[in-house]
Amino acid sequence: MADAVLQVRGLTKRFGGLTAVDRVDLDVRPGEVVGLLGDNGAGKSTLIKMVSGVYHPDEGQILFQGREVKMGSPMDALELGIETLYQDLALAENLNVYANIFLGRERTKPFLGFIPVLDHDVMREESSKVLKRLEIEIPSLRSQIKNLSGGQRQAVAISRSIYWNARLLIMDEPTAALGVQEQRKVLDLVRVLRGQNVPIIIISHQMYDVFSVTDRLAVMRRGKKVAERITRDTTPDEVVGLIIGTEEVDRNGMAPR
Amino acid sequence: MPETALAVKRRGGATLWAGRNWAFLFLILEVAAFIILGQNFQSLENLQNILVACLPVLLLGMGETFVIITGGIDLSVGFVMGFGAVICAKFMVMLQAAGMAPSASIPLAALIALALGVVPGFINGTLVARLKVPAFLATFGMYGIAYGVSEIVSGNTPISGLPAEAGFLGNEYILYIIPRKLVSVFIKPEHVGPDDLKIMLSILPIIVIIAAVFIAIFAFILSRTRFGQHNYAIGGSQDAAIRAGINVPRHLTWVYVISSFFASLSGVLYALKYVTGRADAGSARMLDSVVAVVIGGASLYGGTGTVKGTIIGALIIATLETGMVNLSVPYHNRYIAIGVILVIAVLIDQFFPDMVGRRE
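From first to last, the protein sequence lines are chains A and B.
Numbering-wise, the first sequence is residues 1 to 257 according to our numbering.
Numbering-wise, the second sequence is residues 1 to 360 according to our numbering.
Please keep in mind that the hints were generated in silico from the structure rather than gathered at the bench.
The beta carbon of each residue, even a glycine, is placed where N, CA and C say it ideally should be.
Check the hints yourself; a few may be wrong.
In the BS3-like style, the derived pairs of lysine-lysine whose C-alpha atoms are separated by at most 27 Å in a straight line are [as the list claims (entries may be wrong)]:
(1) LYS129/A x LYS109/A
(2) LYS308/B x LYS109/A
(3) LYS308/B x LYS146/A
Cβ pair distances, simulated, as ranges [claimed, not checked]:
(4) ILE115/A x LYS188/B: 51 to 61 Å
(5) ALA98/B x ARG142/A: 24 to 34 Å
(6) TYR301/B x PHE111/A: 49 to 59 Å
(7) PRO110/A x VAL213/B: 19 to 29 Å
(8) ARG142/A x VAL343/B: 27 to 37 Å
(9) ASN156/B x SER73/A: 47 to 57 Å
(10) ARG130/B x ILE115/A: 20 to 30 Å
To list a few chain A residues with every Cβ distance to chain B over 10 Å, as calculated [as the list claims (entries may be wrong)]:
(11) LEU18
(12) GLU68
(13) ALA99
(14) LEU103
(15) GLY104
(16) ARG167
(17) GLU173
(18) VAL210
(19) GLY245
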């Protein structure tokens with residue numbers, strides 16, 4: 001078994017009297033898709049926000065590629081290669097596809113020998129390469145994002161992360177706002193990424209998504225990780241039970257069968 | 001099925017081009033109408049007068065273009081223009097009194113006015129970008145402050161006693177041609193007979209060229225550089241810009257500095273043209289500049305707008321004003337006409353968003 005890319009050890013976050021995340025351990029290995037499940041308020045988002053540098057943990061450790069990391073801001077996480085795709089995707093809708101992929105890191109070329117100007121050709125070519133690598137089809141890279149469908153936007157956001165060498169991709173409800181066809185495309189994309197050894201954490205409510213793409217499932221309830229399952233060894237019924245708490249869990253996180 | 005740029009291109013090129021360039025077509029129609037209805041409207045002199053007349057709105061509109069694309073607004077530009085005019089005029093008078101030659105005192109006073117003129121922008125930018133004051137309120141505060149300070153500096157009266165050479169820069173031309181006789185660059189021919197004077201062509205007002213240089217530089221920055229790209233990105237989604245690692249507070253501060261720079265440049269040109277400095281030099285021009293930017297296809301919600309559009313917007317307003325004077329239409333009708341054009345522009349923006357503000 002390969003070494004884990006991400007190791008979370010005893011991570012805890014409190015907001016006043018509320019313990020949102022309570023001593024959670026979680027490992028993610030290369031090329032592995034881990035589903036993070038739980039009811040609203042179970043602590044999934046808070047856990048993810050600690051891993052992506054938005055919140056500082058009160059206790060516990062985050063080890064990334066074997067080294068302990070302390071992140072002061074989301075930018076620190078990005079520099080490590082931890083990319084998080086939130087539901088709003090953070091794309092500039094008025095800019096085109098390649099401008100979004102290169103946003104903040106635009107390529108330039110010299111004009112009159114010394115003035116750096118945007119190098120649209122290079123950015124477009126590079127973008128088209130990464131889209132091809134991910135088997136994404138977008139008719140024109142010159143289309144503004146606002147003219148793209150939800151799934152295409154998702155694909156652009158993912159391409160941006162991948163182009164900038166995401167070493168861990170976190171997806172928050174990636175299919176929530178999409179139609180059925182588009183959902184399928186995004187899930188296909190997740191499989192392509194797994195094939196290219198990019199580890200992924202997916203937060204999702206959709207049982208179908210979770211079972212079709214994940215290798216492993218972690219279930220949270222009231223801030224605690226209550227169970228972990230190999231996806232092919234469990235069933236949607238059991239997982240739903242674990243999420244809402246009708247399925248009893250013993251101290252070792254194993255449900256009696 | 002989402003509408004792609006390609007599909008849009010396929011569907012009826014001409015109508016779409018007309019829709020997207022309605023402001024430009026409107027300008028052409030406007031000029032044509034005044035040529036037909038007016039007296040000698042198409043004369044070189046009159047057309048150049050339009051260029052001169054559009055300068056305040058255009059220069060204030062330039063800064064406003066940068067600001068509005070980011071989703072902000074700068075209400076202080078009119079009085080920052082007055083501030084620039086007053087500072088420029090005041091220093092010309094003071095430096096002349098100190099014995100400095102006009103060839104040194106005029107450029108120096110202009111530079112001082114531009115340097116002090118960006119201070120309001122820096123304050124606006126800091127308030128908006130770092131202290132999160134809404135742009136409308138921060139710049140409205142500066143609107144009053146800039147006006148009050150200008151009145152103090154000018155002692156509540158237009159500043160007089162500027163070197164006469166200032167008026168030369170402000171009112172003369174780059175090129176003088178008397179057909180078949182003489183071509184002169186920069187130097188206005190003297191001792192010209194009345195017949196020759198009648199046919200002499202004066203080409204390219206100096207202040208138009210000064211303005212054009214700065215407009216060209218900043219149009220380039222907006223359309224070709226990373227700074228320009230970030231400007232659009234911030235207007236499209238400030239959140240996306242922040243998460244992409246763009247230093248949004250620093251960028252926004254610069255944007256308000258640029259806005260103030262153009263306003264004070266407009267003030268300097270005012271001082272050169274009218275050989276005076278008044279605190280209210282640009283008071284009526286702030287809203288016109290916003291109108292010009294909006295006619296040019298910018299949305300007040302941010303994310304769209306071009307320098308080309310703003311130029312067209314400013315020309316529409318200046319042509320209207322000049323044409324109404326030409327037709328001896330009472331001046332107050334101008335407000336009605338500009339108001340109507342603004343409403344049309346906003347309606348087009350509202351109901352046909354695909355028609356305006358596309359950048360490619």
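Handout entry: Range hint 51 to 61 Å (beta carbons of ILE115/A and LYS188/B) holds or violated
Key = violated, 36 Å
Exercise for the section: Verify the proposed pairing of LYS129/A with LYS109/A, using a straight-line Cα cut of 27 Å. Expected result: holds, 20 Å
Handout entry: Whether ARG167/A stays farther than 10 Å from all C-beta atoms of chain B, as the label says
Key = The assertion about ARG167/A holds, with a minimum of 17 Å to chain B.
Problem - Cβ separation of PRO110/A and VAL213/B, checked against the hinted range 19 to 29 Å - result: Holds - the Cβ-Cβ distance for PRO110/A and VAL213/B, about 22 Å, lies within 19 to 29 Å.
Handout entry: Whether GLY245/A stays farther than 10 Å from all C-beta atoms of chain B, as the label says
Key = Check passes; 35 Å lies beyond 10 Å.
Practice task
Verify that the Cβ of LEU18/A lies farther than 10 Å from every Cβ atom of chain B, and report whether the claim holds or is violated.
Solution key: holds, 26 Å
Practice task
Determine whether the non-interface label on GLY104/A survives the test: each CB of chain B must be over 10 Å from its CB.
Solution key: violated, 3 Å
Practice task
Confirm or reject the claim that ARG142/A and VAL343/B have a C-beta distance inside 27 to 37 Å.
Solution key: holds, 32 Å
Exercise for the section: Could you check that no beta carbon of chain B comes within 10 Å of the beta carbon of LEU103/A? Expected result: Not fine: 4 Å to the nearest Cβ puts LEU103/A too close to chain B.
Practice task
Using the Cβ atoms, figure out if TYR301/B sits within 49 to 59 Å of PHE111/A.
Solution key: Cβ of TYR301/B to Cβ of PHE111/A: about 31 Å, so the range 49 to 59 Å is violated.
Exercise for the section: Hint says 20 to 30 Å; check whether the CB-CB distance for ARG130/B and ILE115/A agrees. Expected result: holds, 29 Å
Handout entry: Minimum Cβ-Cβ distance from GLU68/A to chain B exceeds 10 Å
Key = Given that every Cβ of chain B is farther than 10 Å from that of GLU68/A, nearest at about 24 Å, it holds.
When each numbered hint is compared with the structure, violations occur for hints 4, 5, 6, 13, 14, 15.
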